[in-house]
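Peer 1: Since chain Y is already given, all that's left is putting chain U on it; use the hints.
Protein chains in written order, with our numbering: chain Y, 1 to 117; chain U, 1 to 112.
Source of the hints: derived by calculation from the structure; they are not laboratory data. For clarity, every value in this text was computed on a predicted model and none was experimentally measured. Treat each hint with caution, since some may be false.
[Said to hold, decoys possible] Okay, derived cross-link-like pairs now, SDA-like style, lysine to any residue, Cα gap no bigger than 25 Å in a straight line:
(1) U:LYS3 with Y:SER49
(2) U:LYS3 with Y:GLY42
(3) Y:LYS57 with U:LYS99
(4) U:LYS99 with Y:ASP54
(5) U:LYS99 with Y:THR5
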Amino acid sequence: DGGITQSPKYLFRKEGQNVTLSCEQNLNHDAMYWYRQDPGQGLRLIYYSQIVNDFQKGDIAEGYSVSREKKESFPLTVTSAQKNPTAFYLCASSIQRQFYSGANVLTFGAGSRLTVL
Amino acid sequence: ELKVEQNPLFLSMQEGKNYTIYCNYSTTSDRLYWYRQDPGKSLESLFVLLSNGAVKQEGRLMASLDTKARLSTLHITAAVHDLSATYFCAVDIAGTASKLTFGTGTRLQVTL
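Isolated chain Y (complex conformation):
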């Protein structure tokens, strides 16, 4: 079955540590995204990537880093510079590619819940 796999599902981090959240998709989608969701709030875009080896900052990129070395993979690192990292992190993908103007329907992974101890 095609889909998006996020791991781990739950993650605990001590203050000052970097952690990396994995996101893998087998949908052959060009675009991938990372969103952060806080309780009772909408989704906020952290980073997105439309093609391999290229990515752009979203609205709340500070304290996060990403890489896109393979089309299938878009890992997110939450660095110690992120002051309030406890949240639910959602990875998504879509067929959106550069210069594509069609509808951009996102397929989401199951999410990773990060808690800072």
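Peer 2: Showing chain U alone in chain Y's frame:
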């Protein structure tokens, strides 16, 4: 900056009743999406509305788009408990690398 607002933020309704969730956005766009999220779960796509006057229906849910008013509605007909979830609308603008902007969500609770 594109802003998307939903109301109400929380809705408790009885089974069998009708209600409407509203989604307003601040910038001209003709691309609006509705998603559903069950507690602790991921989001799934419900509707894609791509033109003024677009209407989509699936079961007890019907979504519409008025681009002139910058308003989308999600109408619930004869609610059932299975519809309890959080509903998000999202807007993007063609040609802007498709950065979806989400509303804050409407948490719907359908009671017996």
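Peer 1: Are the Cα atoms of LYS99 (chain U) and ASP54 (chain Y) separated by 25 Å or less?
Peer 2: Within the cut-off at roughly 15 Å; holds.
Peer 1: Measure nothing beyond the straight line between the CA atoms of LYS99 (chain U) and THR5 (chain Y); if it is 25 Å or shorter, mark the hint as holding.
Peer 2: Holds, at about 22 Å.
Peer 1: Measure nothing beyond the straight line between the CA atoms of LYS3 (chain U) and GLY42 (chain Y); if it is 25 Å or shorter, mark the hint as holding.
Peer 2: Within the cut-off at roughly 12 Å; holds.
Peer 1: Quick one, are LYS3 (chain U) and SER49 (chain Y) close enough, alpha carbons at most 25 Å?
Peer 2: holds, 22 Å
Peer 1: LYS57 (chain Y) and LYS99 (chain U) were given as a pair; does the straight-line alpha-carbon distance stay at or below 25 Å?
Peer 2: Holds - the C-alpha atoms of LYS99 (chain U) and LYS57 (chain Y) are around 10 Å apart, at most 25 Å.
The structure agrees with every numbered hint stated previously.
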